[in-house]
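Participant: Listed below, chain by chain, are the residues.
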Amino acid sequence: MSKKTIIVFSGDYDKVMAAFIIANGAAAMDDEVTMFFTFWGLATLRKPTNGAKVGGKPKSTLQKGFSMMLPPSPEKLGLSKFNFGGLGQMMMKKVMKSEHVMTISELIASAQEQGIKMIACTMSMDVMGIRAEELIDGIEYAGVATYLGEADEANVNLFI
Amino acid sequence: MSKKTIIVFSGDYDKVMAAFIIANGAAAMDDEVTMFFTFWGLATLRKPTNGAKVGGKPKSTLQKGFSMMLPPSPEKLGLSKFNFGGLGQMMMKKVMKSEHVMTISELIASAQEQGIKMIACTMSMDVMGIRAEELIDGIEYAGVATYLGEADEANVNLFI
Amino acid sequence: MSKKTIIVFSGDYDKVMAAFIIANGAAAMDDEVTMFFTFWGLATLRKPTNGAKVGGKPKSTLQKGFSMMLPPSPEKLGLSKFNFGGLGQMMMKKVMKSEHVMTISELIASAQEQGIKMIACTMSMDVMGIRAEELIDGIEYAGVATYLGEADEANVNLFI
Chain A
1 MSKKTIIVFS GDYDKVMAAF IIANGAAAMD DEVTMFFTFW GLATLRKPTN GAKVGGKPKS
61 TLQKGFSMML PPSPEKLGLS KFNFGGLGQM MMKKVMKSEH VMTISELIAS AQEQGIKMIA
121 CTMSMDVMGI RAEELIDGIE YAGVATYLGE ADEANVNLFI
Chain B
1 MSKKTIIVFS GDYDKVMAAF IIANGAAAMD DEVTMFFTFW GLATLRKPTN GAKVGGKPKS
61 TLQKGFSMML PPSPEKLGLS KFNFGGLGQM MMKKVMKSEH VMTISELIAS AQEQGIKMIA
121 CTMSMDVMGI RAEELIDGIE YAGVATYLGE ADEANVNLFI
Chain C
1 MSKKTIIVFS GDYDKVMAAF IIANGAAAMD DEVTMFFTFW GLATLRKPTN GAKVGGKPKS
61 TLQKGFSMML PPSPEKLGLS KFNFGGLGQM MMKKVMKSEH VMTISELIAS AQEQGIKMIA
121 CTMSMDVMGI RAEELIDGIE YAGVATYLGE ADEANVNLFI
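Chains as they are written, first to last, in the working numbering: chain A, 1 to 160; chain B, 1 to 160; chain C, 1 to 160.
Treat each hint with caution, since some may be false.
Unchecked claim - When the alpha-carbon atoms are kept at most 25 Å apart in a straight line, the in silico BS3-like pairs for lysine-lysine are as follows:
{"id": "1", "chain 1": "A", "residue 1": "47", "chain 2": "C", "residue 2": "81"}
{"id": "2", "chain 1": "B", "residue 1": "94", "chain 2": "A", "residue 2": "3"}
{"id": "3", "chain 1": "A", "residue 1": "93", "chain 2": "B", "residue 2": "93"}
{"id": "4", "chain 1": "A", "residue 1": "3", "chain 2": "C", "residue 2": "3"}
{"id": "5", "chain 1": "A", "residue 1": "76", "chain 2": "A", "residue 2": "93"}
{"id": "6", "chain 1": "B", "residue 1": "81", "chain 2": "C", "residue 2": "3"}
{"id": "7", "chain 1": "A", "residue 1": "97", "chain 2": "B", "residue 2": "59"}
{"id": "8", "chain 1": "A", "residue 1": "47", "chain 2": "A", "residue 2": "93"}
{"id": "9", "chain 1": "C", "residue 1": "94", "chain 2": "C", "residue 2": "76"}
{"id": "10", "chain 1": "C", "residue 1": "93", "chain 2": "A", "residue 2": "57"}
{"id": "11", "chain 1": "A", "residue 1": "94", "chain 2": "A", "residue 2": "76"}
{"id": "12", "chain 1": "C", "residue 1": "47", "chain 2": "A", "residue 2": "64"}
{"id": "13", "chain 1": "C", "residue 1": "81", "chain 2": "A", "residue 2": "81"}
{"id": "14", "chain 1": "C", "residue 1": "94", "chain 2": "A", "residue 2": "64"}
{"id": "15", "chain 1": "A", "residue 1": "57", "chain 2": "C", "residue 2": "94"}
{"id": "16", "chain 1": "B", "residue 1": "81", "chain 2": "C", "residue 2": "64"}
{"id": "17", "chain 1": "B", "residue 1": "57", "chain 2": "A", "residue 2": "94"}
{"id": "18", "chain 1": "C", "residue 1": "81", "chain 2": "A", "residue 2": "64"}
{"id": "19", "chain 1": "C", "residue 1": "81", "chain 2": "C", "residue 2": "57"}
{"id": "20", "chain 1": "C", "residue 1": "3", "chain 2": "C", "residue 2": "81"}
{"id": "21", "chain 1": "B", "residue 1": "81", "chain 2": "A", "residue 2": "81"}
{"id": "22", "chain 1": "A", "residue 1": "81", "chain 2": "B", "residue 2": "93"}
{"id": "23", "chain 1": "A", "residue 1": "64", "chain 2": "A", "residue 2": "76"}
{"id": "24", "chain 1": "B", "residue 1": "94", "chain 2": "B", "residue 2": "117"}
Said to hold, decoys possible - Here are some, though not all, of the chain C residues that point toward chain B, as calculated from beta-carbon distances under 10 Å:
{"id": "25", "residue": "9"}
{"id": "26", "residue": "63"}
{"id": "27", "residue": "88"}
{"id": "28", "residue": "89"}
{"id": "29", "residue": "126"}
{"id": "30", "residue": "152"}
Please keep in mind that the hints were generated in silico from the structure rather than gathered at the bench. Don't be surprised by glycine CBs; every beta carbon is placed ideally from N, CA and C.
For reference, chain A alone in the conformation it holds in the complex (with noise of 0.2 Å):
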């Protein structure tokens, strides 16, 4: 038993899977697992809201405009390549599905129950606009430090 650290720096469908995959694999092992979300990887985190108002601290107009061009769930990510404004997302989310491959949503539910620790960047939450309001429940807070502290006691680090 070891440990791993995954930065989520990336907000790309296709690369957020890949950390998820590599993060619940290492948790099956036994490894502890923490998940780093930072940048665009923090839309990962989103709470679908339905476009229902969430409370907390005002945004500037720059943070609505961040905020709002970020997609509003991780089913809502593009891939990093042949995105095709959607359609190749769709494409390999369909074929992943008959393939029983995981989605992103099921990884995330799965990173969950195996322990695996969440940590959105506060730094990252400040520039894009994202309140904790927004994320989703059980995952932590923190900034660089943290991550190094982590990574500090890690065997494998990796920057998605």
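Here the structure of chain A is known, so what remains is to put chains B and C in place on it, guided by the hints.
Facilitator: Frame of chain A, contents of chains B and C only:
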């Protein structure tokens, strides 16, 4: 002598080249190196078929679509930036030639001569509709558990 | 106290910023940090010349093309997503300022004050047609073997 692993997720000419330069450099320093090719990175291992049909399991329409979109051989990979429909890549390859930098095909050959272990991710092969018959000889086939086993023994693990 | 290495391959404002935030954070925790700038990441180290000619080895036409395409200074790097021809980057820099997040120029200055070792990849300099005269002072020049030597001594190695 120590061990290194590199996940080649990206299918960009420049990033794949960086992966092989690091891998070959480490092997030249007597390190044991494992490269794990997944998602778009799988295209790196494609055997140029010149349009000839290869045998194997039939592909679904969506899988055919994905495998058609993927570059047919490593020398056809695009740049991650300034690709301009292949022009940027052509320019870069020309400069690299004049600077005596190896092409990806040469880097792959060198990696195989140096005994670098190259693994094709079987889950990605299923999703992308890529069959073993389409990939170069001398590689292995495995999943995330194998990668994690290798990474646990390594002192440097990169995701590219 | 331990050692960290970061390969800065990407030339995106957001990714380079992430690299420096991790590097500066580690240095603040008394870690020894080495950053290795390669490919598009080299643009980070460019010295703003305001169009003035710099001396050094003459460049080929293709090298001139590449060095012209690369942003002339770190503050001109684009975002990896939602760049919109520079508008997204401008917006993000504005939000960061209001949230008191340092710019890349400030992060570089802080990295140099903290004694972070910054290495420009000489092979990439040849390919991109970038000369030492065009890069900021106080950095080192080396190749992949030097990077691997540093990584062997480190407990966290990232590729960004």
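Participant: A separate judgement is required for each hint: does it hold in the structure or not?
Facilitator: Now for the hints, and whether the structure bears them out:
1. 47(A) to 81(C): OK: residue 47(A) and residue 81(C) at ~21 Å, within 25 Å.
2. 94(B) to 3(A): With Cα atoms ~43 Å apart, residue 94(B) and residue 3(A) exceed 25 Å; violated.
3. 93(A) to 93(B): violated (34 Å)
4. 3(A) to 3(C): Distance of about 18 Å is within 25 Å: holds.
5. 76(A) to 93(A): Roughly 11 Å separates the two Cα atoms, so the pair holds.
6. 81(B) to 3(C): This hinted pair is violated, its Cα atoms lying about 31 Å apart.
7. 97(A) to 59(B): Within the cut-off at roughly 15 Å; holds.
8. 47(A) to 93(A): holds (20 Å)
9. 94(C) to 76(C): Judged against 25 Å, a Cα distance of about 14 Å means the pair holds.
10. 93(C) to 57(A): holds (21 Å)
11. 94(A) to 76(A): holds (14 Å)
12. 47(C) to 64(A): Violated: residue 47(C) and residue 64(A) sit about 34 Å apart, past 25 Å.
13. 81(C) to 81(A): Holds, at about 12 Å.
14. 94(C) to 64(A): Status holds; Cα separation ~13 Å.
15. 57(A) to 94(C): holds (19 Å)
16. 81(B) to 64(C): Given pair residue 81(B), residue 64(C) holds - Cα atoms ~17 Å apart, limit 25 Å.
17. 57(B) to 94(A): holds (19 Å)
18. 81(C) to 64(A): holds (16 Å)
19. 81(C) to 57(C): Not OK: residue 81(C) and residue 57(C) at ~35 Å, beyond 25 Å, violated.
20. 3(C) to 81(C): violated (31 Å)
21. 81(B) to 81(A): holds (12 Å)
22. 81(A) to 93(B): holds (22 Å)
23. 64(A) to 76(A): Status holds; Cα separation ~18 Å.
24. 94(B) to 117(B): This hinted pair is violated, its Cα atoms lying about 29 Å apart.
25. 9: This interface hint holds because 6 Å falls under the 10 Å limit.
26. 63: Since the shortest Cβ distance to chain B is 6 Å, the answer is holds.
27. 88: Violated - the Cβ of residue 88(C) stays beyond 10 Å from chain B, reaching only about 16 Å at its closest.
28. 89: violated (14 Å)
29. 126: holds (5 Å)
30. 152: holds (6 Å)
Hint compliance for this structure: hints 2, 3, 6, 12, 19, 20, 24, 27, 28 are not met, and every other hint is.
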